[in-house]
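These protein sequence lines are chains A and B, in that order.
For what it's worth, the numbering used here labels the leading residue of the first sequence as 1, then goes sequentially.
For what it's worth, the numbering used here labels the leading residue of the second sequence as 1, then goes sequentially.
Worth flagging that the hints you see were computed from the coordinates, not collected in a lab.
Accuracy of the hints is not assured; some may be wrong.
[As the list claims (entries may be wrong)] Chain A stretches covered by chain B per the calculated footprint, using a threshold of three residues with CB under 8 Å from any CB of chain B:
#1 20–32
#2 41–51
#3 57–69
#4 155–161
[Unchecked claim] In silico lysine to any residue, SDA-like type, Cα no more than 25 Å apart, as pairs:
#5 A:138 with A:111
#6 B:90 with B:14
#7 B:90 with A:30
#8 A:97 with B:157
#9 A:138 with B:74
#10 A:138 with A:159
#11 A:138 with A:117
#12 A:138 with A:22
#13 B:21 with A:158
#14 B:90 with A:138
#15 A:97 with B:31
#16 A:138 with A:158
#17 B:21 with A:30
#18 B:21 with A:160
#19 A:97 with B:26
#20 B:21 with A:159
#21 B:90 with A:156
#22 B:90 with A:161
#23 B:90 with A:124
#24 B:90 with B:1
Just so you know, even glycine gets a beta-carbon here, dropped at the ideal spot from N, CA and C.
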Amino acid sequence: MIERFCDWLANTRVSQIFSSADWFVPAVQTVHILAMSIVVTLLAMLNFRILRTKITDPEPATLAANYVPVIWISLIVLLVTGALLTVTEPARELLNKVFRVKMVLVIALIGSTAILRARLQRDPHYWINSARRRIMGKALAVTILVLCIAIVAAGRLIAYA
Amino acid sequence: MTGIEIAEALERTPVAVAIAKSIWLFPLIETLHVLALILVVGSVAILDVRLLGLGNMHRPLNELMRSVLPWTWSSFVVAAICGTLLFSSKASTYYVNVPFRIKFLCLGLAAVNMIAFHSWSRDLPNLGPMPMRARIAGAVSLLLWLAVVGTGRWIGFTT
Chain A
1 MIERFCDWLA NTRVSQIFSS ADWFVPAVQT VHILAMSIVV TLLAMLNFRI LRTKITDPEP
61 ATLAANYVPV IWISLIVLLV TGALLTVTEP ARELLNKVFR VKMVLVIALI GSTAILRARL
121 QRDPHYWINS ARRRIMGKAL AVTILVLCIA IVAAGRLIAY A
Chain B
1 MTGIEIAEAL ERTPVAVAIA KSIWLFPLIE TLHVLALILV VGSVAILDVR LLGLGNMHRP
61 LNELMRSVLP WTWSSFVVAA ICGTLLFSSK ASTYYVNVPF RIKFLCLGLA AVNMIAFHSW
121 SRDLPNLGPM PMRARIAGAV SLLLWLAVVG TGRWIGFTT
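Chain B on its own, in the form it takes in the complex (with noise of 0.2 Å):
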């Protein structure tokens, strides 16, 4: 089975055709899609200017992350959730769209970049400057967010 053959028989389940015939589903799923991806790119965010220095100085890393993260996790379930759900009303057009290939690649940059930084996050100082990697990884994961961002709202105008 082709990607494209996968994403027709998508289309064709009971969920799918009932978001795409409803004139309320689709909007009301994308709402609620937004509002996860807002908190989960504001969440990011806060850690992120954090490690960059520039911002949030006075709070510990640690302590930063324990409060962050939580926000970050459960909004990102929301919105995964949601956005399987508006893809498989539309999945063979989402599958050919260049910008939701490229929100894809930015999403998985993401993953790859989080993990690797969770991974090493334990050495790093809880106070003051953050060392040249922790501000490298909180750069490359805000350029990450924001082109998801972009890719996600370009999505709107290609399909």
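Isolated chain A, as found in the complex (with noise of 0.2 Å):
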């Protein structure tokens, strides 16, 4: 089934023209690895702040309210140039166990930050309110760490799987 979607798709116009030209996926890899450098980036930054690892930082609720709305756009950069490369190698990525497991970890890595966004949006001082809160943000933060390295690691072993 997957495999006569990966066959049609192959042959449609659309991933001929892009698959004939040399420049086109370093291109847009390119620009996918420079989405992915915000995002990993900016969770980063937001995640070692809620472990309290650099305490100096504005507050939690501060960096997500700056940081999580360029996330946000990011992400829909990863998901336009990831389904140009999906068009351009359908076989590649579908048919690719790799493939499947990092889509499973941006599902997580997306639903992980939409709830910790959401926590701070209604209260900033969720994650620290209480002992248990406090713990909770930092399993929440160590999560997104995890699947931002993860994610990067599935990234580059697609390549190799």
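Please dock the two separately framed chains into a single complex, following the hints provided.
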């Protein structure tokens, strides 16, 4: 089923135009990596602040208010460039197990970040209001950081799988 | 000793041979290299965007630099170590590769731009828009790091 879809997609006019241009994949991958740089760096700075390793930085709620909208825009860029790469080389992506793992991790990252941000929007001190929430906040921050590392690793390992 | 002879000698070192022979060492080091480079580019971009007046305008420049630069430098050290290890495994191939050479040229220019910026950055205002020379430094830095990522990706398609 998925193999037939890949064959159909690879034979579309759009896919053939993209794949016939030698510069297309490296150029789109470059934009993909740049968008990934923004997402991972901003999430790293925000979540290390929640882990209180950089207490001189602004409050997590302030950082989240500034960073999360930029993260969402960058995620849209990642989605568009990722879709372009998939259309160009459908079998390389859709039949690849590492790619599927990456997509699950991306969904988990979006969900975790949305939860983190929503709680901070409602109450800027949400993640420090009680000992239980401090632990939950730190657990969520560690989860987001691990997801970022795993997504970057999966993205690179697609080429080797 | 010529450049290519040094590259070939580097390729014969035990570490380089181990990376070249291993199935998982090259992908592992490459993943670390990409992760570190992502943090370098992302942290540099945060500062450059502030210099250009396109974002982070509410944050004083010195406070933003104190927050961002430790990320830049620590990630750069990791990226450089991993990059050297990756280079050693196929040194003679990379040595003659044009995108690799352009990447290094861009890295050198980015370093010169950064050193120049830090030599006069103390005179900059902490709040509000930056003077033209700071904006130029930010724009040049962004373009050079974009080129580093682009040529880095291009290497993978030409080796």
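### Task
Please write out, lowest number first, the hints stated earlier that are contradicted by the structure.
10, 12, 14, 16, 17 and 23
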